[in-house]
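Asker: For reference, the chains in residue letters:
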Amino acid sequence: MFLQTVLMALREIRRNTLRSALTMLGVVIGVGAVIALVSVGRGATQKVTEDISKLGKNLLMVSAGARVRGGASSAAQALNMVDMLAIKREISGVHAVSPGSSSNQQVIYGNKNAATSITGTDNNFFEVRGYSIDKGRQFTQGEAQSGVPVCVLGATVKTELFANQDPLGTQVRVGKVSCQIIGTLVSKGTAGLGQDQDDLILMPLATFQRRITGNNDISLILVSAEEGLDTSIVAESIRALLRQRRHRPLGSDDDFNVRDMAEIADTVTSTTTALTALLGAIAAVSLLVGGIGIMNIMLVSVTERTREIGIRLAIGAFAGEVMMQFLLEAIVLSTLGGVIGVIMGLIGSFFAARSLSLPFVIPPEIVALAFAFSALVGVLFGYLPARKAAQLNPIEALRHE
Amino acid sequence: MTAPLAQPGPAPDDTALIQLRGVQKVYGEGESEVRALAGIDFDITRGDFVAIMGTSGSGKSTCMNILGCLDVPTVGSYRLAGVTTTDLHGDGLTLLRRHYIGFVFQGFNLLSRTTALENVELPLVYRRVPAKERRKTALRSLDLVGLSDRAEHTPQELSGGQQQRVAIARALVTDPELLLADEPTGNLDSARTQEIMNLLVDLNKMRGITIVMVTHEPDVAAFANRVVVFRDGLIVEDSRPERAH
Numbered sequence: 001m002f003l004q005t006v007l008m009a010l011r012e013i014r015r016n017t018l019r020s021a022l023t024m025l026g027v028v029i030g031v032g033a034v035i036a037l038v039s040v041g042r043g044a045t046q047k048v049t050e051d052i053s054k055l056g057k058n059l060l061m062v063s064a065g066a067r068v069r070g071g072a073s074s075a076a077q078a079l080n081m082v083d084m085l086a087i088k089r090e091i092s093g094v095h096a097v098s099p100g101s102s103s104n105q106q107v108i109y110g111n112k113n114a115a116t117s118i119t120g121t122d123n124n125f126f127e128v129r130g131y132s133i134d135k136g137r138q139f140t141q142g143e144a145q146s147g148v149p150v151c152v153l154g155a156t157v158k159t160e161l162f163a164n165q166d167p168l169g170t171q172v173r174v175g176k177v178s179c180q181i182i183g184t185l186v187s188k189g190t191a192g193l194g195q196d197q198d199d200l201i202l203m204p205l206a207t208f209q210r211r212i213t214g215n216n217d218i219s220l221i222l223v224s225a226e227e228g229l230d231t232s233i234v235a236e237s238i239r240a241l242l243r244q245r246r247h248r249p250l251g252s253d254d255d256f257n258v259r260d261m262a263e264i265a266d267t268v269t270s271t272t273t274a275l276t277a278l279l280g281a282i283a284a285v286s287l288l289v290g291g292i293g294i295m296n297i298m299l300v301s302v303t304e305r306t307r308e309i310g311i312r313l314a315i316g317a318f319a320g321e322v323m324m325q326f327l328l329e330a331i332v333l334s335t336l337g338g339v340i341g342v343i344m345g346l347i348g349s350f351f352a353a354r355s356l357s358l359p360f361v362i363p364p365e366i367v368a369l370a371f372a373f374s375a376l377v378g379v380l381f382g383y384l385p386a387r388k389a390a391q392l393n394p395i396e397a398l399r400h401e
Numbered sequence: 402m403t404a405p406l407a408q409p410g411p412a413p414d415d416t417a418l419i420q421l422r423g424v425q426k427v428y429g430e431g432e433s434e435v436r437a438l439a440g441i442d443f444d445i446t447r448g449d450f451v452a453i454m455g456t457s458g459s460g461k462s463t464c465m466n467i468l469g470c471l472d473v474p475t476v477g478s479y480r481l482a483g484v485t486t487t488d489l490h491g492d493g494l495t496l497l498r499r500h501y502i503g504f505v506f507q508g509f510n511l512l513s514r515t516t517a518l519e520n521v522e523l524p525l526v527y528r529r530v531p532a533k534e535r536r537k538t539a540l541r542s543l544d545l546v547g548l549s550d551r552a553e554h555t556p557q558e559l560s561g562g563q564q565q566r567v568a569i570a571r572a573l574v575t576d577p578e579l580l581l582a583d584e585p586t587g588n589l590d591s592a593r594t595q596e597i598m599n600l601l602v603d604l605n606k607m608r609g610i611t612i613v614m615v616t617h618e619p620d621v622a623a624f625a626n627r628v629v630v631f632r633d634g635l636i637v638e639d640s641r642p643e644r645a646h
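In order, the protein sequence lines correspond to chains S and E. Start counting the first sequence at 1; every next residue gets the next number (this note's numbering). Start counting the second sequence at 402; every next residue gets the next number (this note's numbering).
I should point out that these hints are in silico values taken from the structure, not numbers from a laboratory. Be aware that one or more of the hints could be misleading.
Per the computed footprint, the stretches of chain E lying under chain S, defined by three or more beta-carbons under 8 Å from a beta-carbon of chain S, are [said to hold, decoys possible]:
| # | region |
| --- | --- |
| 1 | 465 to 474 |
| 2 | 484 to 498 |
| 3 | 611 to 625 |
A few chain S residues facing chain E, derived, Cβ under 7 Å [stated by the list, open to error]:
| # | residue |
| --- | --- |
| 4 | 3 |
| 5 | 4 |
| 6 | 15 |
| 7 | 308 |
| 8 | 311 |
| 9 | 314 |
| 10 | 315 |
| 11 | 316 |
| 12 | 317 |
| 13 | 318 |
| 14 | 319 |
| 15 | 394 |
Here the structure is a predicted model, which means the values were calculated and not measured. No residue lacks a Cβ here, since even glycine has one placed at the ideal position from N, Cα and C.
Using the sequences provided together with the hints, build the complete structure.
Answerer: This is the structure:
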């Protein structure tokens, strides 16, 4: 009987193809919008998270100066090599440390020049930040200690200065220093927030300190925590150690800053997730409007088919069966709309993801939810018209013109 | 020929398919109260063919609604095949309709854009008859009215007489004891009227189906075995004319 009623509903929908299609349109658009927006939002979240993790695995960044909201960091004692070695030695769970002092400098080769970031560091930098050598080599032990002017070019700088030429062995001018190129880096692409990670030149820390800044400070210490560790615990240990080393009185603020990339990733993720939820909620409103559209059409349909309802009641249909028929019609319409909406939404988000170069993500629970919701819309908004149909008096219904 | 008025109700008769006792039907309340039936006693025996006549507002339609279990009396009782309908409503009345009654309407009342066969099958759908058997029974019923070659036609593709025959096939498909026909020939020309009336007379004679038919045409009423005339909510005439046909 149930199957029979479904078949009857399907036949009724087919009889009025145009009207059924227009009725479904509201649900199609609602479900499609929810799916497309949530899918694109998820893709964006995934992209940002991936980008942040590209900065380096389990990365912590330590710099001098307090974190001052909305202002420049206050003057504070700089970090140095001894601090870095203390972190490496005394904090458990630290896999590797690397200095990352940087300064923006003009780089000149022949008649070409580029402004880029010069980073003074050591060979651990490659592992900590996830860079690898494309051509050439890393620094030798001797180069790292003696401070000879050698450098490794990031992919962007290499392209800007040398185009397709092989830069190995040539000299470039970095600020006031003439520097020999010993290697180039494999491109890493942009990190979160559109930062180009290939726009840099690496040189040994000793060289950087001696020839560019002229002091022994390290502006940034990069710490790589061991795999699987909670980076927030490592960050806390580093904080305690540095407070002690810098003799910060109890209750005073830190005069340095430990940034945990995992924490930043979490913040960004929760922001995009909230945005996605907001967009999804707005789309859900259109689904609601679609449901009201179904109710409207079903109410019209009940009036239009009053005679038919009267006939069915007269020839032996229970009121409940008439109600079920109209309810099922509404449900079939809305779930059909839901199925089409899911397909359209996924197609839409696929193309949106491609044009925004985001990963294409199918959010399975949202697909299930949107589909279930569309069926629910059918039940909710089909109920009123169906009840109206079932409560018709067969005599009056038969007399209806 | 004319039964005396206002006599005490006939004694209970077990062969009576239909028994109305002191039936009144009142619509509305207070000043707008309308007494559509003012207290009628009425028996119909199994196998009879009764024509109900009367002007509009005479109460004949109200009486048909009560006979068809579409409505219940305000006062009095209606027994159909021994079942009293007074206390029934909704699904209980529906069950009675399912078991005993087939309807034929003036306006045919076929589902549009639905084939003749599907229309005839419809009552069986609500009786949960399996599809295969349903089809067989419906085809047999269409054959009975001489339309088995039109099974796949929709009402729009059929003439008025054919549509009414489909409607009769639909009423017969459940093998009811009682066929209620509300002005079955009201929309038909005289040739089609003749055709439909012959069919009804045949069904009554050959298959023993009890038929109650409302009409306002004496020609049509003449096909029946018994003619009952309503006026102002009362039966004013109840006769058995000589069969003219």
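Asker: Take the hints in turn and mark each one as holding or not.
Answerer: Tested hints:
Counting residues of the region 465 to 474 of chain E whose CB lies closer than 8 Å to any CB of chain S gives 4, which reaches the minimum of 3, so the coverage claim holds. Counting residues of the region 484 to 498 of chain E whose beta carbon lies closer than 8 Å to any beta carbon of chain S gives 4, which meets the minimum of three for the stated coverage. By the rule of at least three residues with a Cβ nearer than 8 Å to a Cβ of chain S, the coverage given for the region 611 to 625 of chain E is violated, with 0 such residues. Interface hint at residue 3 of chain S: violated, since its Cβ lies 10 Å from the closest Cβ of chain E, which is beyond the 7 Å cut-off.
Interface hint at residue 4 of chain S: satisfied, since its Cβ lies 6 Å from the closest Cβ of chain E, which is below the 7 Å cut-off. Interface restraint check for residue 15 of chain S: the shortest CB-CB distance to chain E comes to about 5 Å, inside 7 Å, so the restraint holds. The beta carbon of residue 308 of chain S is positioned within 7 Å of a beta carbon in chain E (closest approach about 6 Å), and the interface hint is therefore held. Because the closest C-beta pair between residue 311 of chain S and chain E is about 5 Å apart, less than 7 Å, the hint holds.
Residue-level restraint check for residue 314 of chain S holds (minimum Cβ-Cβ distance to chain E is 5 Å; threshold 7 Å). Given hint, residue 315 of chain S at the interface with chain E, holds; its Cβ is 4 Å from that chain's nearest Cβ, closer than 7 Å. At about 4 Å, the closest approach between the beta carbon of residue 316 of chain S and any beta carbon in chain E falls short of 7 Å, and the interface hint on this residue holds. Given hint, residue 317 of chain S at the interface with chain E, holds; its Cβ is 5 Å from that chain's nearest Cβ, closer than 7 Å.
For residue 318 of chain S, the interface hint holds, the least distance from its beta-carbon to any beta-carbon of chain E being 5 Å, beneath 7 Å. For residue 319 of chain S, the shortest C-beta to C-beta distance to chain E is roughly 6 Å, which falls under 7 Å, so the interface hint holds. Among the interface hints, the one on residue 394 of chain S holds; its C-beta lies about 5 Å from the nearest C-beta in chain E, closer than the 7 Å criterion.
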